[in-house]
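Student: Generate coordinates for the entire structure from the input sequences, incorporating the hints supplied.
Line order of the protein sequences matches chains R and W.
By the working numbering, the letter at position 74 of the first sequence is numbered 74, and the numbering carries on one by one without gaps.
By the working numbering, the letter at position 158 of the second sequence is numbered 158, and the numbering carries on one by one without gaps.
Computed cross-link-like contacts, DSBU-like style, restricted to lysine-lysine with a CA-CA straight-line distance of at most 30 Å:
| # | chain 1 | residue 1 | chain 2 | residue 2 |
| --- | --- | --- | --- | --- |
| 1 | W | K230 | R | K403 |
| 2 | W | K80 | R | K285 |
| 3 | R | K403 | W | K232 |
| 4 | R | K80 | R | K96 |
| 5 | R | K402 | R | K89 |
| 6 | W | K341 | R | K392 |
| 7 | R | K232 | W | K83 |
| 8 | R | K283 | R | K230 |
| 9 | R | K89 | W | K285 |
| 10 | R | K388 | W | K392 |
| 11 | W | K89 | W | K124 |
| 12 | W | K357 | R | K392 |
| 13 | R | K83 | R | K119 |
| 14 | R | K403 | R | K96 |
| 15 | R | K283 | R | K223 |
| 16 | R | K232 | W | K89 |
| 17 | W | K403 | R | K223 |
| 18 | W | K225 | R | K80 |
| 19 | W | K232 | R | K402 |
| 20 | W | K392 | R | K392 |
| 21 | R | K403 | W | K283 |
| 22 | R | K119 | R | K2 |
| 23 | W | K232 | W | K285 |
| 24 | R | K230 | W | K80 |
| 25 | W | K388 | R | K388 |
| 26 | W | K283 | R | K243 |
| 27 | W | K357 | W | K341 |
| 28 | W | K2 | W | K402 |
| 29 | R | K402 | W | K230 |
| 30 | W | K230 | R | K89 |
| 31 | W | K402 | W | K92 |
Everything labelled a hint here was simulated from the structure, so no lab data went into it.
Here's the letter readout for the chains.
There are 2 protein chains.
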Amino acid sequence: MKGNCIVAQSGGPTAVINASVCGVIQEAMRHSEIEGVYAAHNGILGVLNEEIFDLRRENPETIEGLKTTPAAALGSCRYKVRKQEDFEKILKVFRKHNIRYFFYIGGNDSMDTADKVNKLAVEKGYEFRAVGVPKTIDNDLAFTDHTPGYGSVIKYLATMVMEAGRDTEALYTADTVNVIEAMGRNAGWIAAGTALARRDEEDAPHIILLPEVPFDIERFKDKVKYYLNKIKRCVIVVSEGTKNPDGSYIAEQKGEFAKDAFGHTQLGGAANYIKELVEHDIKVKARFAIPSTIQRNGIHFASKTDSEEAYTAGRKAVEHAVNGVTGKMVTLVRASGKPYKCTTGLAELSSVANGEKYFPEEWITDDGFFVTEDFFNYAVPLIQGEVKPVIKNGLPCFIRFKKHFI
Amino acid sequence: MKGNCIVAQSGGPTAVINASVCGVIQEAMRHSEIEGVYAAHNGILGVLNEEIFDLRRENPETIEGLKTTPAAALGSCRYKVRKQEDFEKILKVFRKHNIRYFFYIGGNDSMDTADKVNKLAVEKGYEFRAVGVPKTIDNDLAFTDHTPGYGSVIKYLATMVMEAGRDTEALYTADTVNVIEAMGRNAGWIAAGTALARRDEEDAPHIILLPEVPFDIERFKDKVKYYLNKIKRCVIVVSEGTKNPDGSYIAEQKGEFAKDAFGHTQLGGAANYIKELVEHDIKVKARFAIPSTIQRNGIHFASKTDSEEAYTAGRKAVEHAVNGVTGKMVTLVRASGKPYKCTTGLAELSSVANGEKYFPEEWITDDGFFVTEDFFNYAVPLIQGEVKPVIKNGLPCFIRFKKHFI
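Tutor: Laid out in structure tokens, this is it:
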């Protein structure tokens with residue numbers, strides 16, 4: 001089927017989501033079926049607002065540079081398509097620009113959007129193919145062994161924990177406890193990933209607080225005291241999604257901007273809460289760090305494995321679509337554990353949209369404050385190798401599209 | 001003069017303070033005058049408590065590994081020596097272990113301690129040499145062009161700002177403003193250093209808030225609005241030491257945002273305050289990040305120039321001491337700007353102890369929200385090259401001393 005294609009990015013950026021865009025573009029340019037190679041500016045908003053730019057007019061070097069540029073070079077959004085008129089508008093824009101291929105890189109919500117647009121196209125008799133590319137640092141998408149973006153966020157955050165851990169180790173006589181907040185609203189995958197920093201009992205992190213384990217203040221304080229007694233310091237990684245036994249977040253923000261566009265409660269005060277708790281109840285000085293969006297954009301120390309898989313997922317989406325696949329998301333399949341080998345598969349968009357992959361209970365240690373060897377076996381292969389952005393004058397170089405709007 | 005030497009680290013760790021220790025140890029081992037090569041555990045506390053370990057019993061590989069290990073491998077402290085009996089105890093311990101050479105790596109307080117011990121030794125007729133090695137991420141030591149540790153903290157923090165800046169650029173429709181907090185209680189050197197991330201008007205950071213410029217809420221809000229209007233987003237770097245016109249820290253703000261979960265006034269909350277201010281008064285969503293100690297320990301992306309200068313400063317301290325110098329600190333001297341060439345010099349410990357190097361007023365732009373080209377000329381050479389720690393299984397490897405106590 002001849003026609004134009006469009007690629008869009010959605011949701012929170014990652015260090016390697018642009019590598020997926022690169023895979024889509026470079027593969028699309030190899031197929032004569034695909035004429036125009038377009039980008040939606042700011043995810044699905046770019047389609048709704050008809051802000052579409054022409055990727056064939058960008059330099060090949062810019063496109064290659066996507067592999068070493070973090071965040072979302074096409075622009076992203078958090079707009080959740082719900083209204084029927086929005087879906088119809090999307091299809092109308094696709095028809096108008098003869099867009100026959102839609103590659104949407106994102107998480108559950110994006111797969112839901114792609115699925116519904118695809119179904120509407122079938123219903124309206126518009127020949128069209130929609131293929132999703134998984135993306136999320138949260139690693140909580142179903143039907144895929146892991147998600148592009150996850151390996152890089154844990155590689156970088158584990159490195160931060162190692163490095164800041166050495167600060168606490170050096171200065172425990174003054175700053176005895178350090179609390180580092182990891183992203184992850186619903187699942188502890190990111191916080192758990194910092195466990196990789198620990199090769200030795202002395203190494204940070206000493207305690208990991210996961211959303212999957214209800215926060216038990218007394219047992220937590222006992223664990224901190226155990227480490228203070230044993231190694232005179234304690235480094236704690238707390239997931240922003242850590243909850244009290246009653247299900248409320250340990251640090252819910254109040255105020256007018258406390259809810260995001262999806263009505264989710266905005267988090268961000270978990271580390272501060274744990275710091276205050278330690279100082280107030282254990283009477284030792286504590287510090288805290290909130291790496292926030294820094295953790296998910298660390299291309300200067302991103303996982304090469306993750307980047308390559310993100311690229312492959314983008315490429316495969318195009319390959320499949322050209323071969324007639326629609327209504328599916330590319331998945332990552334662990335073909336072999338040792339040695340690690342990853343291939344790709346396909347899952348139904350609708351199944352991915354409604355699925356969620358929780359952190360396995362059996363990978364949490366009995367005390368609830370760390371993860372097991374099985375998690376290490378799962379995660380270590382995902383952080384191998386380093387992406388090497390071009391460095392100029394001591395700092396990395398990133399690309400920016402010229403954005404010739406059509 | 002034959003005898004033993006001791007090296008100690010003090011104050012807040014940096015990515016390259018261990019490189020200075022490496023320089024001291026490797027140079028000390030080249031001189032037959034120096035017999036025992038000792039380390040004080042946790043800075044001057046290790047002398048006061050007679051916790052001294054033998055560096056000759058460590059593996060040469062461990063000592064070489066100091067160059068790629070962040071924080072303070074000997075241990076550090078924040079203990080300020082004030083009492084006469086403490087100085088006398090220090091000298092007594094030195095006498096007891098025939099310590100004739102004292103290398104103290106730190107900031108003003110450490111230079112003050114080294115100076116007073118040196119003077120006491122002279123007074124008591126104990127033949128002894130004390131040479132200081134500069135260290136501080138804050139870059140506020142007098143008599144040295146810059147301090148080891150500074151180049152690395154700004155290289156890493158500027159990279160964080162670049163990377164997180166791309167996140168805001170991608171997702172401005174949801175997260176419009178981002179605020180990143182830089183260390184620096186008294187001087188804006190670190191916050192200013194993030195300016196290097198900006199190669200283009202689009203690039204972050206757009207606004208830098210320095211302790212040297214009294215915070216003017218109205219002018220600040222106008223500046224944020226200017227960027228929102230022009231590029232639809234704004235990334236702000238705020239120094240933790242930013243002050244109100246009355247001299248109080250902005251982080252100490254009272255009022256509705258100022259209390260934490262325990263009802264304490266928020267400390268170290270400059271970024272949070274700016275975030276709340278932007279949301280409340282400008283009505284756009286803002287995020288914030290507090291890299292805290294992570295920023296000063298980033299060996300995985302530390303400046304090679306900084307690391308080599310830190311090493312040289314340690315080596316030179318020993319060379320000078322063996323040649324009879326005492327009561328001095330090694331300084332870094334910019335022999336040439338373009339091409340950058342750095343040599344070393346010496347300054348009086350007592351002068352360094354009482355000096356402070358402020359951020360030059362003439363390097364702040366007229367509007368007070370950025371820095372001038374002169375600052376770029378000063379700072380760019382300090383961030384060149386990257387330290388490359390050994391990577392094993394995807395993460396850096398750091399050394400740890402065996403610490404054979406004498």
